[in-house]
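Residue numbers (my numbering), protein chains in the order written: chain A, 7 to 165; chain B, 7 to 165.
There may be inaccurate statements among the hints.
Since the list gives no way to pick one copy over another, a pair counts as held whenever it fits inside one copy or between any two copies.
[Unchecked claim] Listed below are the simulated SDA-like cross-link pairs for lysine to any residue, each with C-alpha atoms no more than 25 Å apart in a straight line: (1) Lys154 - Ser135; (2) Lys44 - Ser135; (3) Lys44 - Asp92; (4) Lys142 - Glu88; (5) Lys154 - His84; (6) Lys142 - Phe115; (7) Lys142 - Gly49; (8) Lys29 - Ser122; (9) Lys154 - Ala59; (10) Lys142 - Arg25; (11) Lys154 - Arg23; (12) Lys44 - Val130; (13) Lys154 - Pro60; (14) Lys154 - Pro37; (15) Lys44 - Arg75; (16) Lys29 - Phe115; (17) Lys142 - His84.
Since the hints were made in silico from the structure, they are not lab data. Only a predicted model underlies this, so the values are computations on that prediction, with no experimental measurement involved.
There are 2 protein chains.
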Amino acid sequence: MCTDRGGWVEFFLSTFRNRIDAKGRVSVPAPYRALLTKKNAEGGLIMGPDISAPALVAGGRDYLDGINRRIDELPDLHPEREMLIDGLLPFLNELSLDQEGRVQLGAQFLEHAGLSAPGEAVFVGRRNSFQIWEPKAWEARAAEARAKAAAYLRGEGRS
Amino acid sequence: MCTDRGGWVEFFLSTFRNRIDAKGRVSVPAPYRALLTKKNAEGGLIMGPDISAPALVAGGRDYLDGINRRIDELPDLHPEREMLIDGLLPFLNELSLDQEGRVQLGAQFLEHAGLSAPGEAVFVGRRNSFQIWEPKAWEARAAEARAKAAAYLRGEGRS
DNA sequence: TGGGGTATTATGGGCGTCAATGGAATTAAG
DNA sequence: CTTAATTCCATTGACGCCCATAATACCCCA
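Full structure from sequences and hints, please.
Dropping the structure here:
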């Protein structure tokens, strides 16, 4: 594999399984860290629960901008705008890595993703963001996604 | 490598649960304080009851501008404009923190948000403002907001 | 091509700092 | 003079920082 750091470090790819220690800390896979520092320089990193899956999402400024764009489609003080804000922003945290490259997962995050400390977590690369899953939950999700993606690419419609 | 602590916090995010002492004082979460001093330099800080929720709102000049934008949609002397002004502006106070970074919540504010002293309060980050909620009330609001936000983002529920 | 050496990563635990909180002291007000 | 409000100080407890170790991957050289 290409040892040249900075080659494929353009997207979050592959999956990694790491250990969560008793304090709720997990090492972010080294390949992701390089990309994270790059994204951090572009305006910070955030992390939050995935709104439609039992997983956590981490991304850079581009991820946050996507959320802000949806909010700004609606006028100030509009009920739906307030709903979007309340449903998303309060659950986002600034993502900060300790000196060893670990994230600290709070109780709320652990619960949302069905994770436990101590325990294990799977990092899933998703291009310009990555997710953190409970291993078994990811296994199920991965199997489903692979099957459906294959069917879609064969030209079959979705259900 | 670590994400420069206290640095990029450009928005109010996350939630924090703090204690209200017998005198009605609450510590503003440290991450918010940094942002508040920055916003204070840009034109002052305000705080008041939320008009559409049992909570308190605090924000900087940009938050006030959002309200002003909404008011300015209506022509001068228009009855609804007057109504908006009277319903929002008279209840706003200047937000001031004591030396330890605490706000003093008066009886009116406590009552409006259903808070008690001593007791507990939840700080809710909402981008360029934050709210203060009674814990149980926020829990309910959060659950509703998350469900509706998820539905909205799936493309449902455009009203 | 295999083996040993080296560097980087992953993991665990202990220590220190700062934030959060409670109470006392000082000032202002009635 | 009494009462209330604001400022100041002290304690606590959590979180982030730093170390030390273990495991892995990588590289160089025989």
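Verification of the hints:
1. Lys154 - Ser135: both (21 Å within a copy, 24 Å between copies)
2. Lys44 - Ser135: Result: close within a single copy only, 13 Å intra versus 28 Å inter.
3. Lys44 - Asp92: between (29 Å within a copy, 23 Å between copies)
4. Lys142 - Glu88: between (34 Å within a copy, 19 Å between copies)
5. Lys154 - His84: This pair counts as between: shortest inter-copy Cα distance 14 Å, intra-copy 33 Å.
6. Lys142 - Phe115: Result: close both inside a copy and across copies, 17 Å intra and 19 Å inter.
7. Lys142 - Gly49: Answer is neither: 33 Å inside a copy and 34 Å across each miss the 25 Å cutoff.
8. Lys29 - Ser122: Close inside one copy (10 Å), not across copies (33 Å); limit 25 Å.
9. Lys154 - Ala59: Both. Shortest intra-copy (16 Å) and inter-copy (15 Å) distances satisfy the 25 Å Cα cut-off.
10. Lys142 - Arg25: within (14 Å within a copy, 34 Å between copies)
11. Lys154 - Arg23: Result: close within a single copy only, 24 Å intra versus 33 Å inter.
12. Lys44 - Val130: So Lys44 and Val130 pass the 25 Å test inside one copy only (19 Å; across, 29 Å).
13. Lys154 - Pro60: both (19 Å within a copy, 17 Å between copies)
14. Lys154 - Pro37: neither (28 Å within a copy, 36 Å between copies)
15. Lys44 - Arg75: both (22 Å within a copy, 24 Å between copies)
16. Lys29 - Phe115: within (13 Å within a copy, 33 Å between copies)
17. Lys142 - His84: between (39 Å within a copy, 24 Å between copies)
Checked against the numbered hints given earlier, the structure breaks hints 7 and 14 and satisfies all the rest.
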